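> Residue numbers (our numbering), protein chains in the order written: chain A, 1 to 236; chain B, 1 to 208.
Don't read these hints as lab results, they were simulated from the structure. The structure displayed is predicted, hence computed values, not measured ones. It cannot be assumed that every hint is accurate.
To be verified - Covered stretches of chain B (chain A as the covering partner; in silico rule of three or more C-beta atoms under 8 Å from a C-beta of chain A):
#, stretch
1, 30-37
2, 42-49
3, 77-85
4, 122-131
5, 160-170
Here a beta-carbon is modelled for each residue, glycine too, at the ideal position from N, C-alpha and C.
Here is what each chain is made of, one letter per residue.
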Amino acid sequence: MQKIYGSAAEALDGLVFDGMTIAAGGFGLCGIPELLIDALVESGVKDLTIASNNCGVDGFGLGKLLDTKQIKKMISSYVGENAEFMRQYLSGELELEFNPQGTLAERMRAAGAGIPGFYTKTGVGTQIAEGKEHKDFNGETYILETGLFMDLSIVKAWKADETGNLVFRKTARNFNPPAATCGKVCIVEVEEIVPNGSLDPDHIHLPGIYVNRIIQGEHEKRIEKVTTRPRETAAE
Amino acid sequence: MAWDRNQMAARAALELEDGMYVNLGIGIPTLVANYVGDKDITLQSENGMLGMGPFPYEGEEDPDLINAGKQTITELPRTAYFDSATSFAMIRGGKIAAAILGAMEVAENGDLANWMIPGKLVKGMGGAMDLVAGVKRVIVVMDHTNKHGESKVLKACTLPLTGTGVVDRIITNLGVLDVVEGGLKIVECAEGVTEDELRAATEATIVN
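Work out the full structure, taking the sequences as your base and the hints as a guide.
Structural data, given as structure tokens:
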């Protein structure tokens, strides 16, 4: 079982087609699959529906696929960091389905677990609930949300072993594990592929059963909002 | 006279009790962390972290370590990381004691609007809808009026809602109000603000 591929383009080979649906990991620019996004741009694939919490920023991350007009529809919770996104959306070129952040994560998790729908209180009484089934449990009203079954998952992890067991780093984990599980095929890009046996089996964040293809590469890891405190307050 | 941003944050910090797990929103709520003092408060960041530390020193930023506002932060000895589904499981599961959030409008029945202005501002709700639906106590911190001087504390919200009947307490530059049966109850006025001034700036029904 060979899961390791030489490049993002090779890892995408045979998997991309116009109109496909993709789940992408990452939060803002943290833990995004930079290399696979670049390879999708290169592939020229069109009319993509992408489920991702955000849509990058102008010219970076998923913003690159906006610039080339390869995205037909986004399923996201927050898109406020991207002027080109706003322009395409307000002009009607881009479809947008807002999902509350927890609903989006749970829709991915549910699909990965074979669960086609679940009830949640999130969004009851708001625009999000319009047209959705409402059901009461123990005197509280919930709405039905559906699992998000996607054609492809693209995620970023810190390390993978040759089996695809993954370890993430700090808050770069975010949407990556649920996004990894909800696609028919999952490609992961990592900073380092290590030999089997080098990762502690008790410390695996996502088991390799969810991972079909692995690539290793250099990541820019751009910071969206560098925020620091002055050294003078170091005393506390 | 009224409270400034930091005084509002300091007032909001009084709402927090020892041992609480708390989620702070973007803007003034983020400043609340500066005023918790010696209280043992664990901050949750919904992008997947419990035990959020202060901003890093210059040169020590880590691109893999940010808060839900996408700012660089640090970890503490108690920190735990997890994925987004797990993060919202603890929010929906009622494990977070309090959320302190900003708002565009709040209504006297506890309705909250803080995620979009149709045709103008389309940023998204992020985790706000999940937080207000799942967290035990929701505290709103915001300016009492908008830049045109109009009340943001209303009889009914005009903007698309984030949640219905979810707000417990409102802290503004003019004072503190609780959502109670029949309307809002004044808890206190800000320094230098009279009750009459607070009432005049409030469109919502105030009950005694």
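> Are the hints correct? Go through all of them and say.
Results of checking the hints against the structure:
1. 30-37: Contact hint for the stretch 30-37 of chain B vs chain A: violated, 0 residues under 8 Å.
2. 42-49: Satisfied; 5 residues make the cut.
3. 77-85: It holds: at least three residues are needed, and the stretch 77-85 of chain B offers 5 whose Cβ sits within less than 8 Å of chain A.
4. 122-131: Result for this restraint: holds, n = 9.
5. 160-170: holds (count 6)
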